[in-house]
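Visitor: As a plain string of letters, each chain reads:
Number of protein chains: 2
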Amino acid sequence: MTYRAPIDDILLALNHGAGMQAALAAGHYGDYDSEITEQVLQEAGRFASDVLAPLNRVGDEHGIKLEHGKVTTAPGWPDAYQRWIAAGWNAVSGPEAFGGQGLPLAINAVCTEIWAASNAAFGLCPLLTLSAIEALDAHGSDELKRVYLEKLVSGEWTGTMLLTEPQAGSDVGALRSRAERAGDGSYRIHGTKIFITYGDHDMTDNIVHFVLARLPDAPPGTKGISLFLIPKFLVNADGSLGKRNDIHPSGVEHKLGMHASPTCTMTMGDHGGAVGYLVGEENRGMLCMFTMMNQARLGVGLEGVGIADRAYQEALTFAQERKQGRAPGTKGDKSDPIIVHPDVKRMLMQMRALTAAARTICYSTAVALDIAGRSTDPKVKAAAAARGALLTPIAKAFSTDVGNEVATLGVQVHGGMGFIEETGAAQHMRDARITSIYEGTNGIQAIDLVTRKLGVNGGASVWALLDELALIVKDVEASNDPAFGTTGVKLRDALASLERTSRWLQEHLASAPNEALAGATPYLRLFGSTLGGCALAAEALAARDADGGERYVTLARFFAENISVQAGALERTVIDSADCVTAADAVLLA
Amino acid sequence: MTYRAPIDDILLALNHGAGMQAALAAGHYGDYDSEITEQVLQEAGRFASDVLAPLNRVGDEHGIKLEHGKVTTAPGWPDAYQRWIAAGWNAVSGPEAFGGQGLPLAINAVCTEIWAASNAAFGLCPLLTLSAIEALDAHGSDELKRVYLEKLVSGEWTGTMLLTEPQAGSDVGALRSRAERAGDGSYRIHGTKIFITYGDHDMTDNIVHFVLARLPDAPPGTKGISLFLIPKFLVNADGSLGKRNDIHPSGVEHKLGMHASPTCTMTMGDHGGAVGYLVGEENRGMLCMFTMMNQARLGVGLEGVGIADRAYQEALTFAQERKQGRAPGTKGDKSDPIIVHPDVKRMLMQMRALTAAARTICYSTAVALDIAGRSTDPKVKAAAAARGALLTPIAKAFSTDVGNEVATLGVQVHGGMGFIEETGAAQHMRDARITSIYEGTNGIQAIDLVTRKLGVNGGASVWALLDELALIVKDVEASNDPAFGTTGVKLRDALASLERTSRWLQEHLASAPNEALAGATPYLRLFGSTLGGCALAAEALAARDADGGERYVTLARFFAENISVQAGALERTVIDSADCVTAADAVLLA
Chain A
1 MTYRAPIDDI LLALNHGAGM QAALAAGHYG DYDSEITEQV LQEAGRFASD VLAPLNRVGD
61 EHGIKLEHGK VTTAPGWPDA YQRWIAAGWN AVSGPEAFGG QGLPLAINAV CTEIWAASNA
121 AFGLCPLLTL SAIEALDAHG SDELKRVYLE KLVSGEWTGT MLLTEPQAGS DVGALRSRAE
181 RAGDGSYRIH GTKIFITYGD HDMTDNIVHF VLARLPDAPP GTKGISLFLI PKFLVNADGS
241 LGKRNDIHPS GVEHKLGMHA SPTCTMTMGD HGGAVGYLVG EENRGMLCMF TMMNQARLGV
301 GLEGVGIADR AYQEALTFAQ ERKQGRAPGT KGDKSDPIIV HPDVKRMLMQ MRALTAAART
361 ICYSTAVALD IAGRSTDPKV KAAAAARGAL LTPIAKAFST DVGNEVATLG VQVHGGMGFI
421 EETGAAQHMR DARITSIYEG TNGIQAIDLV TRKLGVNGGA SVWALLDELA LIVKDVEASN
481 DPAFGTTGVK LRDALASLER TSRWLQEHLA SAPNEALAGA TPYLRLFGST LGGCALAAEA
541 LAARDADGGE RYVTLARFFA ENISVQAGAL ERTVIDSADC VTAADAVLLA
Chain B
1 MTYRAPIDDI LLALNHGAGM QAALAAGHYG DYDSEITEQV LQEAGRFASD VLAPLNRVGD
61 EHGIKLEHGK VTTAPGWPDA YQRWIAAGWN AVSGPEAFGG QGLPLAINAV CTEIWAASNA
121 AFGLCPLLTL SAIEALDAHG SDELKRVYLE KLVSGEWTGT MLLTEPQAGS DVGALRSRAE
181 RAGDGSYRIH GTKIFITYGD HDMTDNIVHF VLARLPDAPP GTKGISLFLI PKFLVNADGS
241 LGKRNDIHPS GVEHKLGMHA SPTCTMTMGD HGGAVGYLVG EENRGMLCMF TMMNQARLGV
301 GLEGVGIADR AYQEALTFAQ ERKQGRAPGT KGDKSDPIIV HPDVKRMLMQ MRALTAAART
361 ICYSTAVALD IAGRSTDPKV KAAAAARGAL LTPIAKAFST DVGNEVATLG VQVHGGMGFI
421 EETGAAQHMR DARITSIYEG TNGIQAIDLV TRKLGVNGGA SVWALLDELA LIVKDVEASN
481 DPAFGTTGVK LRDALASLER TSRWLQEHLA SAPNEALAGA TPYLRLFGST LGGCALAAEA
541 LAARDADGGE RYVTLARFFA ENISVQAGAL ERTVIDSADC VTAADAVLLA
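Quick note, the sequences are listed as chains A and B, same order.
1 is the number of the first residue of the first sequence in this note's numbering; add one for each residue after it.
1 is the number of the first residue of the second sequence in this note's numbering; add one for each residue after it.
Just chain A, with the same shape it has in the complex:
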């Protein structure tokens, strides 16, 4: 079955849940003409349904091939990529000075969800290019920008990120790839990188690699890492492609999912060293890399949302079509579709509610980053930047956890058919699995949330957000709408749990850091469950007076009563079980 972008849900989430409408009204979006939003998204949905979705199964089944040092993608993929850049989709949020459309990140965020939903393995390629654009635009020299940025923005060339080495995964500082000054301003890079997404492929003429490596005189650890731009083919002065550079795919991984996305081992220096150009300053590569990774983290969160939505749409269709048994309390020979069963309805509601909440959290992150970049008021910019930084780990980890949970529920709704690969439900589960691992595992996101967001500046960005959420809860209660059920009290309780837990963690970060770190993952879940519940409630309040809008009230209620309701237990888990976790060695190593 095909995929249809849920434009109504998306616009509600973007405008009300994520606050884009208010930001527009406050002038934070400058001269962006919001009239075009819906049209752009409708077009994106059409492209996704028509071009990308049909290639999703093909890509999973064919996978990719590495032969004679070259990666070949699945049938139809290079053509689809050319259609993608021809239609301008790669350039949505790129800088206008380099051919980009300069649309808000929030619009690009929706697009990212749509690409991931229609074809996650395809969407991964431009996601990485986008990170490369960010890093080059922020840190590259004018000369590097002149040669490479326009091609990356248009998508004529793709970008990659080369961080990981066998001994350096989450611990980037342990990397060993080395760079030597060539004397002409360029560098020669030697080393081997693993897990390089789209490290090689046949969809474009050139690939622009962004590679972390060490100079000979660099200090140890993360402070001695520099970022280099290494093109697959060197670029001549006239812009034409020159010599093949000394960076080659030497292996590809056999993975659980994302089969159509080549995951390469890249070898540099078999023929004298790869020619590289410094991006930013020597030994300041981590700074540049964080620019790439933050953008990528939001993008990965949106992959979670997209895969979840696709899994939901397919499960819903299956549940309406698959006839099996009869509705409870009815008799007769005629079978009913399985959606009549309360247990199936529960699974579908769970899928939809989780997806909607994760979507809004991701869009909220993008809106904050937009305001930080576009507002002319320094105080507004600073607050928005802090909000974006706070939301990024939640957007990444909560949404990808949701992607996994929803995709496995999708298999369950399909029953035995879900375990058969041709159904397609299992692919979403396989594809989603990497999203909670790459771009910083979800455990690392949780630690980032506790130590670098709650743990800095007195946790000001957390308290500011909680104050806003409290206003939503008040509005829900003030609505006196019985359709909300116990939503108000559930969200109020959740918010209180989140506040108490935040304070406990803040205190323990200083006095007993291991105990605070032990609670990082349940804390992030608590944050996401509370934030998501409030976001859906805000959307319900905005929607309920419109025709058919009451369905958003039921959805918000379901989330509050099934997911936000877990906040109290998560609070107790963070606080009570820290001892157990720190004493775990006695159990694990006995």
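Read the hints as simulated data drawn from the structure, not as lab findings.
There may be inaccurate statements among the hints.
If several chains are the same, the list does not tell them apart, and a pair holds so long as it fits within one copy or across any two.
Okay, derived cross-link-like pairs now, DSSO-like style, lysine-lysine, Cα gap no bigger than 27 Å in a straight line [stated by the list, open to error]:
1. K223 - K334
2. K223 - K323
3. K453 - K331
4. K379 - K65
Based on the hints, put chain B in the right spot on chain A.
Guide: Then chain B, alone, in the frame of chain A:
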């Protein structure tokens, strides 16, 4: 890496958590010599480590082949199967009159876990044979038993269950395969069955199929279904194999996991009809089938436990070996193994605690079934049978949910390596996925728990169990052992939630059945989380005075503070969100 059966944990769970020691002391196990328990389990562990575990990856990678109407299993599998029957493992719990060892079901339950842990796809084959033995022993004629039972008990022939048809999955009553009386006491069967596990293979000379079909004059629905025994090869009067019967594998599925286990489409009647023999009475096939399925449901729960334990063992080893980053608060160049990180410890504890709880719930089910079958006191037998019936859906659904959760955590602990198939972590996740679907989806188990266990006899079996759990909670509190942390209060609260939720569901089953059914899945989780917490606490109380026994206190505490603590939220979910679920169509079908 290999698998080691965790004999200490297993014996503690069996003897104390599941109450086998008390049952032995009360004489419920008759003349069973419990001295041999440990020795049998040690031997099983050795066989699993030496013979089955090494074939697990081979099976996953090679899968099976269907060519020229015959299924070929992976290299080494037929040989391993012959070693398996030669060592007598197939006959562990089989009836002694037919060559079985007549050991308790509880011993076989442990073995089932061990086979699943070492090689889930292999273990599936004898699991089905065991169900076939049960049905034939309980319902077959003396003549059928004479010809087939000994061969099934020894494992010389394997057994299958043919229920599902394309239009008849969970709704078995919709099946259309037809049986005609041949006039000589036998029948001729025509029809097509799908999803037949080990429907064909090359590990034995013959396969004994148990097939549900309809007689021409049968009433519609489940009351018109009969069970037939259909051998792959007919058996001559002297016991030698005769003509090939008209039942053939016509297709095999390409599945997410369990690649080494052939899942066949079986066609009967292309050459005049498969010769079948009635098992039990005409039109009473569902009764026989339930005999098979109950045994199988416990077996599938144990698959969940086994896969979870294997995933845990591998993740633990990886976390001890993989060096990456440094322990929080330390400096220097030397990397530490990732197990130093509190977040990694949390994941491993979660894996171990969930596995241990599910294990004990499954063993408890087996002990109850043992007492029901072996005790000489009719009241004891009846109570034990009710207990076994109550626990079966929990053992199946909770344990397989645990299998999935633990396996996906296992991937997470491995980080990027977990997504690469050669690591092996992903296989456990893929293999586990079917366990929450087959032998009755977990949703169906939850409905069974609510309607056929809580909903019958005034819920007497539920109240009797809750009374026992309350005694454990009292003992925890009376211990005054600070190492238990907040275990006592967590379990007391959980028990209170379970009791209130049970009463609410009982009331609503009559007045608003759809609302009760809407809460079935969270209710089963609530039941499992409470029961599991109490079971681990009972084990901790029994173990804590022994050398190193305090680690079981930490484990019980972790479970109570991380999993049982969710009981209150699950109670609210069942009660508060029933409205939402019944109103879901407005959201889902908008």
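Visitor: All hints are to be evaluated individually against the structure, with a verdict given for each.
Guide: Against the structure, the hints:
1. K223 - K334: Between. Shortest inter-copy distance 16 Å satisfies the 27 Å Cα cut-off; intra-copy 70 Å does not.
2. K223 - K323: between (61 Å within a copy, 20 Å between copies)
3. K453 - K331: Only across copies: K453 and K331 sit 22 Å apart there, 57 Å inside one copy, limit 27 Å.
4. K379 - K65: Neither: 51 Å inside a chain and 66 Å across chains, both beyond 27 Å.
Of the numbered hints listed earlier, the single one contradicted by the structure is hint 4.
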